Amino acid sequence: MPIILRIMLIVGSLATGIYIRGKLRKSQMQIEDVIFWLFFAAALIFMSVFPELIVWFAELIGIDSAVNFVFLCVIFLMLIRCFSLSVKVSTLEVKLKELTERLSVKDALIQDEERKESE
Amino acid sequence: MQSKLLLIIPAYNEQENIERVVEELKAKYPQFDYIVVNDGSKDNTAEICRAKGYHLMDYPINLGLAGAFQGGMKYAEKKDYAYAMQYDGDGQHDPKYIEELLEAAETSQSDIVIGSRFVTDKKPWTARMIGSRIISGCIRVTTGKKICDPTSGMRVFSRSMIKVLAKQVNYGPEPDTLAFLLRCGAKVTEHQVSMKERIAGESYLKFWSSVKYMARMCLSILIVQWFRKRV
Chain A
5 MPIILRIMLI VGSLATGIYI RGKLRKSQMQ IEDVIFWLFF AAALIFMSVF
55 PELIVWFAEL IGIDSAVNFV FLCVIFLMLI RCFSLSVKVS TLEVKLKELT
105 ERLSVKDALI QDEERKESE
Chain B
132 MQSKLLLIIP AYNEQENIER VVEELKAKYP QFDYIVVNDG SKDNTAEICR
182 AKGYHLMDYP INLGLAGAFQ GGMKYAEKKD YAYAMQYDGD GQHDPKYIEE
232 LLEAAETSQS DIVIGSRFVT DKKPWTARMI GSRIISGCIR VTTGKKICDP
282 TSGMRVFSRS MIKVLAKQVN YGPEPDTLAF LLRCGAKVTE HQVSMKERIA
332 GESYLKFWSS VKYMARMCLS ILIVQWFRKR V
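Going line by line, the protein sequences match chains A and B. If you number the first sequence the way this note's numbering does, the last residue is 123 and the count never jumps. If you number the second sequence the way this note's numbering does, the last residue is 362 and the count never jumps.
Honestly, the hints are just simulated from the structure, not real lab data.
Using 20 Å as the maximum straight-line C-alpha spacing, the simulated PhoX-like pairs for lysine-lysine come out as follows:
id: 1; chain 1: A; residue 1: Lys110; chain 2: B; residue 2: Lys210
id: 2; chain 1: B; residue 1: Lys135; chain 2: A; residue 2: Lys120
id: 3; chain 1: B; residue 1: Lys157; chain 2: B; residue 2: Lys227
id: 4; chain 1: B; residue 1: Lys209; chain 2: A; residue 2: Lys101
id: 5; chain 1: B; residue 1: Lys209; chain 2: A; residue 2: Lys110
id: 6; chain 1: B; residue 1: Lys294; chain 2: A; residue 2: Lys101
id: 7; chain 1: A; residue 1: Lys101; chain 2: B; residue 2: Lys173
id: 8; chain 1: B; residue 1: Lys254; chain 2: B; residue 2: Lys327
Bear in mind the structure is a predicted one, so any value in this text is a computation, not a measurement.
Assemble the whole structure, with the sequences as input and the hints as a guide.
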C-alpha cells in the first residue's frame, strides 16, 4: 500500500475518532451508534498499520492491488450501514406515525366525552 | 345515537373547502357521523373546524394521506363503527352516494365497496386515466380481479377491514392496498358514482408526483406484494 494512503487513513481515522468522542461527550449520539464508528476507525488504522496482512488477504482472494481490497472493505461496511440506517429510519417513521395517530385519536375521544357531557 | 358509518375526512390545507364540505354533510346528511382529520395543516383548517365545533382529530405534524386515513380508522375501531368511509375534504366526493355505497356494502356483504367512476361509464383517455388503466392492469394480472377505478378515494370499508387498516403498517388508502387485500381474500365490489372537479385548493397528487406515484404503485402491486405477510 502506498505510504501516503496509509498516512491519510491513519490521520483520517484518528480525526474521526476524536470527532466521535466529542459527539459522545456532548450526548449527541447513543452508545450503540458510536460503537460502529469507533470500530470503523479502528479497522482503518489497523489496515494502515499492518499492510502486510492486507496484501496477504488481497492475494488470497485474487485482488491484485491491496488498495482495492481496502476500498472493497470500506464500501461493503458502508452498504451494510446504509441498509441498517434505512431500516432504522423506516422504523422511526412508523413509530412517529403511530404516536401521532394515537395521540390524536385520544384527543378526539376526550373531545367526544366533553361534548356528551355538555349536551 | 352513533351511526353505522363513520366518514373520515382527511384534510391538509383545506381552509377553502372544509367548511363547505362539512356544512353540506351536516345539513343534508345528519344521519352520518364524520370526523375531520387535520393532517398538520399549515393554514387555518384546524381553527375553522374548532370555531365551528366540528368533530376534529388534530395532528400536530403532517403524516400524509395514509397517516390521516389510518388515524381515522383507529378512531372508527375504538368507537366500534360497522363501516368507515374515506370522504375527501376537497369537495370531490358527492355525499348523495354515501347512502348508496353503504347499502351496497350491506346487501353484497362486501369488505370493500369502491365508489367507482367507471362501472357503467367509459373511462376516458386522459393522461390520468391511462395511469388508472395501467394500475387496473397490474391488479388484473396479480389477482385476476377486475377493478375499474382503483384510484377512486371513495371507498367504504367493513368492520373487518377497519381492524386491519387501523393497526397494520403499509396499508395506506391506495390501490396497492386494495390489490393486496384482494389477494388476502377480501371481497371488493364497485358501485357507479360520479365525482366533482376540485373547487379550490391543491390536490394531494400534483401532476409531476403522479409519475412517482405510478412507479410506486406498479412496483408495489407487481413485486412487493409477494413478499408481504398476509393478514
